[in-house]
Amino acid sequence: MAKGGDVSIPLASVFSEFGGAIEFLFKAQPSDLDPNTKVGGVSEMLGLLLNHVALSGAAVAIGTAIAIPLGLYLGHHGKGEFAAINASNVGRAIPTLVLLTVFIAYIGVGFVPIMLALALLALPPVLTNTWVAARQVERETVDAARGMGMTDSQIIQRVELPLSLPTIFAGIRVAAVNVVATATIAPLGSVDSLGTPIISGNVYGADGRLGAAIAVSVLTLAVSGALAALQRAITPKGLKMGAEKPRRRFSPNLRRRETATP
Amino acid sequence: MTLAQVQIQKREGGTCEANNGFCPDWIADNLDRYVDPFLQHVFLTVTSVAIGFVIAFALALLAHRKRWLLPPLSASSQILYGIPSVALFLLLLPITGRGSVTGLIALVSYTLIFVFVNVTTGLDGVPKDSVDAARGMGLTERQLLWRVEVPLALPEIFAGLRIATTTTVGLAALAFFAGAGGLGEEITRDKGFQSNIAVAGGLAVLLALVLDLLILSVQRLMTPWRRAAM
Amino acid sequence: MKALKTPLAILAALLLALGLAACGKDEKKEKGGGAGSQQSSSGPPIEKVPGAESKPTITIGSKNFTEQYILGNIYASALKAAGFKVKTSLDLGSEVVAYKALKQGEISAYPEYTGTALTAFFKVPVLKVPKEPAPAFEQVKTRLAKQQITALPTTPFENTFRLALSKQKAQEIGNPKTTSELKGKTADLKISGFPECKKRVDCLLGVEKTYGLKFGGFVASEEKYDVIENGSADVIFGFTTDGELTTGKYVTVDDDKKLFPPYNVSLLMRNETFKEIGPEGQKVIENVQKPLTEKIMGELNSRVDLDKQEPEKVASDYLREAGFTK
Chain P
0 MAKGGDVSIP
10 LASVFSEFGG
20 AIEFLFKAQP
30 SDLDPNTKVG
40 GVSEMLGLLL
50 NHVALSGAAV
60 AIGTAIAIPL
70 GLYLGHHGKG
80 EFAAINASNV
90 GRAIPTLVLL
100 TVFIAYIGVG
110 FVPIMLALAL
120 LALPPVLTNT
130 WVAARQVERE
140 TVDAARGMGM
150 TDSQIIQRVE
160 LPLSLPTIFA
170 GIRVAAVNVV
180 ATATIAPLGS
190 VDSLGTPIIS
200 GNVYGADGRL
210 GAAIAVSVLT
220 LAVSGALAAL
230 QRAITPKGLK
240 MGAEKPRRRF
250 SPNLRRRETA
260 TP
Chain D
0 MTLAQVQIQK
10 REGGTCEANN
20 GFCPDWIADN
30 LDRYVDPFLQ
40 HVFLTVTSVA
50 IGFVIAFALA
60 LLAHRKRWLL
70 PPLSASSQIL
80 YGIPSVALFL
90 LLLPITGRGS
100 VTGLIALVSY
110 TLIFVFVNVT
120 TGLDGVPKDS
130 VDAARGMGLT
140 ERQLLWRVEV
150 PLALPEIFAG
160 LRIATTTTVG
170 LAALAFFAGA
180 GGLGEEITRD
190 KGFQSNIAVA
200 GGLAVLLALV
210 LDLLILSVQR
220 LMTPWRRAAM
Chain L
0 MKALKTPLAI
10 LAALLLALGL
20 AACGKDEKKE
30 KGGGAGSQQS
40 SSGPPIEKVP
50 GAESKPTITI
60 GSKNFTEQYI
70 LGNIYASALK
80 AAGFKVKTSL
90 DLGSEVVAYK
100 ALKQGEISAY
110 PEYTGTALTA
120 FFKVPVLKVP
130 KEPAPAFEQV
140 KTRLAKQQIT
150 ALPTTPFENT
160 FRLALSKQKA
170 QEIGNPKTTS
180 ELKGKTADLK
190 ISGFPECKKR
200 VDCLLGVEKT
210 YGLKFGGFVA
220 SEEKYDVIEN
230 GSADVIFGFT
240 TDGELTTGKY
250 VTVDDDKKLF
260 PPYNVSLLMR
270 NETFKEIGPE
280 GQKVIENVQK
290 PLTEKIMGEL
300 NSRVDLDKQE
310 PEKVASDYLR
320 EAGFTK
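Top to bottom, those sequences are chains P, D and L.
Numbering follows numbering that gives the first Met the number 0, with no gaps: position 34 of the first sequence is 33.
Numbering follows numbering that gives the first Met the number 0, with no gaps: position 4 of the second sequence is 3.
Numbering follows numbering that gives the first Met the number 0, with no gaps: position 217 of the third sequence is 216.
Do not rely on the hints blindly, as some may be mistaken.
No farther apart than 27 Å at their CA atoms in a straight line, the calculated lysine-lysine pairs in the BS3-like style are these [what the hints assert, rightly or not]:
#, chain 1, residue 1, chain 2, residue 2
1, D, Lys-9, L, Lys-168
2, P, Lys-26, L, Lys-282
3, D, Lys-9, L, Lys-282
4, P, Lys-26, L, Lys-122
5, P, Lys-37, L, Lys-130
6, P, Lys-37, L, Lys-127
7, P, Lys-26, L, Lys-198
8, D, Lys-9, L, Lys-274
9, L, Lys-102, P, Lys-37
10, P, Lys-37, L, Lys-257
11, L, Lys-282, L, Lys-79
12, L, Lys-325, D, Lys-9
13, P, Lys-37, L, Lys-79
14, L, Lys-256, P, Lys-37
15, L, Lys-99, D, Lys-9
16, P, Lys-37, L, Lys-122
17, P, Lys-26, L, Lys-99
18, L, Lys-289, P, Lys-37
19, L, Lys-99, L, Lys-274
20, P, Lys-37, L, Lys-198
21, D, Lys-9, L, Lys-289
22, L, Lys-184, L, Lys-274
23, P, Lys-37, L, Lys-312
Which residues of chain L face chain P? A few of them, derived with a C-beta cut under 10 Å, are [as the list claims (entries may be wrong)]:
#, residue
24, Leu-7
25, Val-96
26, Lys-99
27, Lys-198
28, Arg-199
29, Val-218
30, Ala-219
31, Glu-221
32, Val-226
33, Gly-230
Read the hints as simulated data drawn from the structure, not as lab findings.
Beta carbons: idealized from backbone N, C-alpha and C, even for Gly.
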């Protein structure tokens with residue numbers, strides 16, 4: 000029996016499981032079910048990776064395309080504080096699995112429903128950060144722009160948007176990390192992603208499942224790192240060196256400069 | 000000996016249940032099947048947030064004293080958070096096996112970042128004047144921490160705790176990948192059945208809201224001076 | 000303390016509501032009488048096996064779909080009725096996970112399909128699996144014995160794949176009776192199966208090769224019949240014991256080239272557990288599965304998939320209706 004029998008943790012077997020998983024990523028091997036079907040290897044994993052990225056990219060793009068204009072508009076006019084600020088917090092409370100299955104149960108399976116569910120996941124962090132950033136633009140700056148004869152929409156586009164970009168980007172990063180991580184369970188809704196070997200465990204075997212888990216972790220960390228670098232690159236020097244150093248913290252109330260940025 | 004019969008019913012589909020619809024009668028009759036998964040979900044959430052809070056709080060105090068620890072600790076908690084939860088549950092399986100222990104380890108690792116970051120920023124945000132005044136009154140470093148710095152950082156600390164809790168409720172819905180049960184298991188058992196999704200999903204959201212409200216209330220009790228600001 | 004009252008009250012109300020629901024469990028009204036009933040062979044009520052109480056706890060596992068939940072519960076309840084201490088672990092996932100759990104002793108036994116055991120555990124190519132149930136089971140038994148696992152005798156029913164389509168679609172393409180007759184008619188048809196079907200030789204891959212069919216696309220989904228209903232696909236991989244097939248809304252085509260291997264269920268048990276339960280325990284298992292014909296298994300699956308009853312309840316109702324328990 001498991002208890003008592005082998006007390007020593009088989010460290011070697013743990014290593015070999017991870018070794019097998021990594022080998023799966025680079026070398027196609029016979030499926031557990033049928034030696035004639037090859038699974039894994041660079042070409043299949045690349046295909047899944049592309050699908051994963053396309054799905055997540057489309058979702059983040061749509062979520063962002065809705066959230067930024069909405070956040071700027073609401074922020075500029077000082078409206079919708081309750082919605083914008085609570086969106087993130089309530090959004091967190093909805094399990095991603097529930098969000099996905101609600102779309103499956105009520106809309107259906109396939110690329111579009113799953114992508115929309117993920118877009119909905121991307122919306123709150125971007126909306127909240129855009130709203131907060133737009134509110135943080137100093138009134139003097141806005142008044143000066145108005146004094147120069149700019150219209151509201153010009154102020155939003157030429158003053159508030161550029162000044163808000165770093166904070167908005169922080170929101171996009173949160174959204175992207177969440178979406179890329181959640182796209183792992185997209186195969187439940189009939190869309191292939193790096194999660195496919197995890198969901199179709201029988202075909203891909205234990206190595207495939209673990210290999211996919213490693214691949215998807217690396218992808219998420221890479222996306223997070225890349226967006227962090229991009230965020231630093233687009234932050235104007237003045238803001239970076241500013242006397243008031245933006246402090247990072249998480250707050251459900253988000254009445255602060257920088258918001259949730261894992 | 001009784002003559003045994005298994006009732007074979009003629010079904011033509013078309014009932015609310017057979018159509019996987021939203022069926023109030025079915026929900027009323029079947030609430031009991033959600034009791035155990037719900038309690039498992041509460042257990043997973045509360046236990047992992049409690050453990051995670053203790054670990055992250057201790058690490059944050061350590062980093063507060065020894066500043067050089069801050070960057071590595073903060074970076075590692077960020078990396079842990081960056082690993083997708085499904086992947087982490089699976090990565091742990093070869094090491095810790097199936098069951099709630101694996102689920103708890105993964106969930107705890109996700110709470111760390113919220114508590115750690117907020118405790119450290121909260122402590123950093125304590126006005127220098129208050130610290131100096133307390134030192135002037137002859138408080139030791141330990142007294143300074145517990146009587147001045149931590150109380151003044153409470154709003155930040157509670158904010159971190161709230162986010163950690165709501166996030167954990169959501170992530171615990173995936174803990175069934177590690178064989179740890181919870182509402183997620185009930186959801187995936189019949190994920191095309193609208194009534195099932197509505198009840199199991201609704202319970203998860205409700206749990207998050209109630210726990211959030213509970214923490215907020217405790218916060219108000221502990222920080223009466225901040226009540227106006229909330 | 001005022002601030003705490005509201006959330007605590009909500010939490011209390013929530014727990015109370017769920018608690019009440021749990022209490023009302025036994026008073027649930029039974030669904031209206033059946034349109035017919037099936038007489039079936041069955042043994043006398045299960046009798047206590049002497050000394051069963053003193054044996055180690057038996058853990059019955061199952062994979063993660065309806066029929067497996069029901070079977071797991073039937074075996075577990077039957078052994079419990081015979082006096083054994085029984086635990087269940089009924090959501091193990093795929094056969095790969097379940098088999099590993101069995102070999103490592105996390106579970107003592109779980110029901111598996113003969114065809115699946117040969118192809119998944121021993122890498123027997125699907126087309127090399129014996130076409131008749133008895134030799135297939137013999138092979139499972141011999142091979143598992145080397146792993147210190149006993150394969151108990153099989154159920155009467157087998158649960159194999161059948162291509163199913165809506166009655167209307169079948170009419171449109173000229174009411175095919177066999178899978179071979181689908182040839183040349185499938186280019187516009189989308190086919191759906193559970194996600195891994197696409198790459199399984201005993202699923203889409205095999206159907207395409209053996210029958211030379213090409214479909215207009217594969218939709219991965221575990222919601223079999225819903226996929227037809229909402230128009231996402233036209234043909235699905237049904238199971239012969241699916242409850243939905245009894246509603247008359249769907250037609251199936253025969254596997255005329257015998258692609259799919261036999262899939263009878265055998266309870267796979269660790270040797271030490273097999274010794275613990277002894278011949279009387281084994282008899283209990285064999286008896287409770289005797290009435291499980293394709294029709295009855297289909298009925299039990301319907302109760303879960305169509306009536307949305309709990310597998311635990313369906314299993315205990317079955318044992319009662321078939322006369323094994325009171």
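Right, here's what the structure says about each hint:
This hinted pair checks out: D:Lys-9 and L:Lys-168 have alpha carbons roughly 23 Å apart, not beyond 27 Å. Of the pairs offered as hints, the one joining P:Lys-26 and L:Lys-282 is violated, with about 48 Å between alpha carbons and a cut-off of 27 Å exceeded. A hinted pair counts as satisfied when its Cα atoms are at most 27 Å apart, and D:Lys-9 with L:Lys-282 does not qualify at roughly 32 Å. Proposed proximity of P:Lys-26 and L:Lys-122 is supported: the alpha carbons are some 20 Å apart, at most 27 Å.
Taking the CA atoms of P:Lys-37 and L:Lys-130, the gap is near 25 Å; set against the 27 Å cutoff, the hint holds. Straight-line distance between C-alpha atoms of P:Lys-37 and L:Lys-127 comes to about 19 Å, which keeps the hinted pair within the 27 Å bound. Pair hint P:Lys-26 plus L:Lys-198 holds up; C-alpha atoms about 17 Å apart against a cutoff of 27 Å. Distance restraint check for D:Lys-9 and L:Lys-274: the Cα-Cα separation of roughly 42 Å exceeds the 27 Å cut-off, and the hinted pair is therefore not satisfied.
Of the pairs offered as hints, the one joining L:Lys-102 and P:Lys-37 holds, with about 26 Å between alpha carbons and a cut-off of 27 Å not exceeded. For the hint linking P:Lys-37 to L:Lys-257, the alpha-carbon distance of about 24 Å falls within 27 Å, and the restraint holds. For the given pair, L:Lys-282 sits about 14 Å from L:Lys-79 by alpha-carbon distance, which is consistent with the 27 Å threshold. Simply put, L:Lys-325 and D:Lys-9 have alpha-carbon atoms about 25 Å apart, close enough for the 27 Å limit, and the pair holds.
The suggested pairing of P:Lys-37 with L:Lys-79 is violated, with an alpha-carbon distance near 44 Å, which exceeds 27 Å. This hinted pair checks out: L:Lys-256 and P:Lys-37 have alpha carbons roughly 25 Å apart, not beyond 27 Å. Taking the CA atoms of L:Lys-99 and D:Lys-9, the gap is about 39 Å. The hint is violated against a cut of 27 Å. For the proposed pair P:Lys-37 and L:Lys-122, the alpha carbon gap of about 13 Å is at most 27 Å, so the pair holds.
Distance restraint check for P:Lys-26 and L:Lys-99: the Cα-Cα separation of roughly 24 Å lies within the 27 Å cut-off, and the hinted pair is therefore satisfied. About 40 Å separates the Cα atoms of L:Lys-289 and P:Lys-37, which puts this hinted pair outside 27 Å; it is violated. With a C-alpha separation of about 21 Å, the suggested pair L:Lys-99 and L:Lys-274 falls inside the 27 Å cut-off, and the hint holds. The straight-line distance between the Cα atoms of P:Lys-37 and L:Lys-198 is roughly 9 Å, inside the 27 Å bound, and the hint therefore holds.
Distance check on the hinted pair: D:Lys-9 and L:Lys-289 sit about 23 Å apart at the alpha-carbon level, within 27 Å; holds. The straight-line distance between the Cα atoms of L:Lys-184 and L:Lys-274 is roughly 54 Å, outside the 27 Å bound, and the hint therefore fails. For the given pair, P:Lys-37 sits about 42 Å from L:Lys-312 by alpha-carbon distance, which is inconsistent with the 27 Å threshold. Of the supplied interface hints, the one on L:Leu-7 is violated, with its beta-carbon coming no nearer than about 19 Å to a beta-carbon of chain P, more than 10 Å.
At its closest, the beta carbon of L:Val-96 sits 7 Å from a beta carbon of chain P; the interface hint therefore holds under the 10 Å criterion. With 10 Å as the threshold, the beta carbon of L:Lys-99 comes within range of chain P, its nearest partner Cβ sitting at about 8 Å, so the hint holds. Contact between L:Lys-198 and chain P, as hinted, is supported at the beta carbon level, the nearest pair being about 5 Å apart and thus within 10 Å. Taking 10 Å as the C-beta cut-off, the interface hint given for L:Arg-199 holds, the closest approach to chain P being about 5 Å.
Interface hint at L:Val-218: satisfied, since its Cβ lies 5 Å from the closest Cβ of chain P, which is below the 10 Å cut-off. Given the 10 Å rule on beta carbons, the hint for L:Ala-219 holds: about 4 Å separates it from the nearest Cβ of chain P. The interface hint given for L:Glu-221 holds, since its Cβ lies 8 Å from the closest Cβ of chain P, which is under the 10 Å cut-off. Proximity of L:Val-226 to chain P holds as hinted, the smallest CB-CB distance being about 7 Å (cut-off 10 Å).
A least Cβ separation of about 9 Å between L:Gly-230 and chain P falls short of the 10 Å threshold, and the interface hint therefore holds.
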